[in-house]
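Using the sequences and the hints, build the whole thing.
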Amino acid sequence: MTNSFDEIEDADCIFIIGSNTSVGHPLIATRVYRAKAKGAKLIVVDPREIQMARFADIYARQTLGTDVALLNGMMNVIYRNGWHDKKFVEERTENFDAFVEMIEKFPPERASEISGISVDDIVKMAEYYAKAKAASIIYCMGITQHTTGVDNVKTLANLSMLCGHIGRPSTGVNPLRGQNNVQGACDMGGLPNVYPGYQAVNVPDIQAKFEKAWNATLSPKVGLTIMEMMDGLLDGRVKGLVIMGENPMVSDPDIHHVKHALEAAEFLMVIDIFPTPTTELAHLVLPAASFAEKDGTFSNSERRVQRVRKAIEPVGEARYDWQIIQDISNRLGYPMNFQSAEEIFNEMASVTPAYAGISYPRLEGDGLAWPCPTPDHPGTPYLHKDKFSRGLGLFSAIDYRAPAEVPDDEYPFWLTTGRAYVHYHTGTMTRRSAHLEKEMPEAIVELHPDDAEELQIAEGERIEVSSRRGTITIRAMVTDRIGKGVVFIPFHFAETAANVLTNAALDPIAKIPEYKVCAVKLAKAA
Amino acid sequence: MDYQSVLTTCTYCGCGCGLYLEVLDGRITHTLPSKTSPVNEGKLCVKGWYIHEFIQHPNRLTTPLMRQDGALKETSWESALDYAASELKRIKEANGPDAIAFLTSAKCTNEDNYLLQKLARAAIGTNNVDHCARL
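Order-wise, the sequence lines are chains A and B.
FYI, the numbering for the first sequence is 55 to 580, going by the numbering used here.
FYI, the numbering for the second sequence is 4 to 138, going by the numbering used here.
Please keep in mind that the hints were generated in silico from the structure rather than gathered at the bench.
You may find that some hints are simply not true.
Result set (DSS-like, lysine-lysine): computed pairs, CA atoms no more than 27 Å apart in a straight line [unchecked claim]:
| # | chain 1 | residue 1 | chain 2 | residue 2 |
| --- | --- | --- | --- | --- |
| 1 | B | K38 | A | K92 |
| 2 | B | K46 | A | K492 |
| 3 | B | K95 | A | K266 |
| 4 | B | K38 | A | K364 |
| 5 | A | K266 | B | K92 |
| 6 | B | K46 | A | K90 |
| 7 | B | K46 | A | K92 |
| 8 | B | K92 | A | K263 |
| 9 | A | K263 | B | K95 |
| 10 | A | K364 | B | K46 |
| 11 | B | K92 | B | K76 |
| 12 | A | K313 | B | K76 |
| 13 | A | K187 | A | K92 |
Cβ-Cβ distance ranges computed for the label pairs, FRET-style [said to hold, decoys possible]:
| # | chain 1 | residue 1 | chain 2 | residue 2 | range |
| --- | --- | --- | --- | --- | --- |
| 14 | B | K46 | A | K187 | 23 to 33 Å |
| 15 | A | D64 | B | T39 | 16 to 26 Å |
| 16 | B | G99 | A | K263 | 21 to 31 Å |
| 17 | A | R522 | B | E44 | 45 to 55 Å |
| 18 | A | D463 | B | V9 | 50 to 60 Å |
| 19 | A | P223 | B | K92 | 44 to 54 Å |
| 20 | A | D289 | B | M4 | 55 to 65 Å |
| 21 | B | N62 | A | Q510 | 33 to 43 Å |
On a predicted model such as this, the values are computed, not experimentally measured, just so you know.
The beta-carbon is built from N, C-alpha and C at its ideal position, and this holds for glycine as well.
So, in structure tokens, the structure goes:
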């Protein structure tokens, strides 16, 4: 997030797109409710009429995968009416002319035709956002999990810059992080192109810095992304895979493909706390301590680094993940000798400028938001004040591209996936929680009453949902929360895994799969 | 009777709520929200309130498991770690460091993540490091 949670409640316009905030991030939703109570305008755009839509001044349902067209249409309206922040555009940004040339191609009528949202709503949304004193954009995987994921994010950045709603309190472009420590995993260099602190592996000076710090020869070659690793296992480039605390057999798109890939590994090692469909395929499974059994830190969506503290001893023979890694490293002849999580943190902070001023004693109390470059730095609640990381903010001219797979005669329905309020990700934790599992013990597919009537599908009936990649049998929930011609399935359930159906088509830059859009057909179960 | 309440950070979503795990004689029995956490200010969602229920669930993995004759069988830590190291070494020698890939974790701590990518980059010599940020 460019801004912090607390700032949301002082925004006078909040634009939520592709985030089921009350389900995915309940405590951020609280801030939205408070802003609304103080009089903020709330805009919600989502293919489902989610709970947050009930509080919205405008709720609009877009056709799947049409966000760029919709947003370009809003920006067309803003620009033509002169509602944009001319001073901000002039002083803080570049490439504006090329951008304007692009949005000129999206008059609201065309944006409406592509997105399915009325011209009236597009104009109203544009006006609310542009005329606000401080408007905040909140998004989540509904924006990113597309073959146009990067385009979608850049388009939101365009919108924020066009109206000067960035670099000030209660504004910004705010992606909500799905996992407790996805921010931290990225910060720590859990990515194929960067060391900790987003320092590029293919820049010689940076490579030299880490070679010195780690006393090792490092590779300047950018590594494989997760989906490329799966392909690599299948074509033989990759022979061994080490997985720590992930469950690609439920979380990844096109699971049949993932299964073939994992089965092709010469050596698959999984470190986890529970058996999962992924551990079942492993050659070696190592039991890890859960968050309640170890010390450490997590970095949340607002970049706040907070302490994790050990409450109980590891269960059975489980060990800390870092201890397992260290023991293997020592056996490989690369010595590691950390005595505690804190020692690891201190080494990490010494090579990661944004964390350089953070230490365990400083995290007592409220934690600290990075960048925090020095021991006396107070942390940074919002980014891009006065200046963007790259200097001037870059407008991108982004055209609309259709999703990789759209409905046709054979697969006539759109499928989109997401979360349910009581479950979490692949369900390995929440589905072992008696109270949560009781609330929702099985997956459902949401479909519109008109579609249900036409196919003669009754509420609660088990139906078959098929895509070009597989079929699942699942109970139907008939609801007008979802649009006509669209179905929704939560992805938490290994036994009726939505990701058997989803399309592994990737965004060309971020390599994120298009979970949010594919084509399916429905049939009564045999 | 030994009772403690330990302040920690929730392991579910990216909010990062502060919560107390209540521990009675080594068992986590309840969860309480932190009233002073700047994130959740004394509140929790339904998942957070019941977070203690999965931690000591009987299904937890408690011993290393190694595949022998097609099935996963319990083994000692020593033999498990030796096996891991020998397989990684074998693949690296036969096919080069880029034949090995690592998935770090959005659920593990910063410290765990830092060390696994360091293992990949410094001990093995590959940048094949990713995690589920995209998923």
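Check: Can you name, in rising order, the numbers of the hints this structure does not satisfy?
Finding: none
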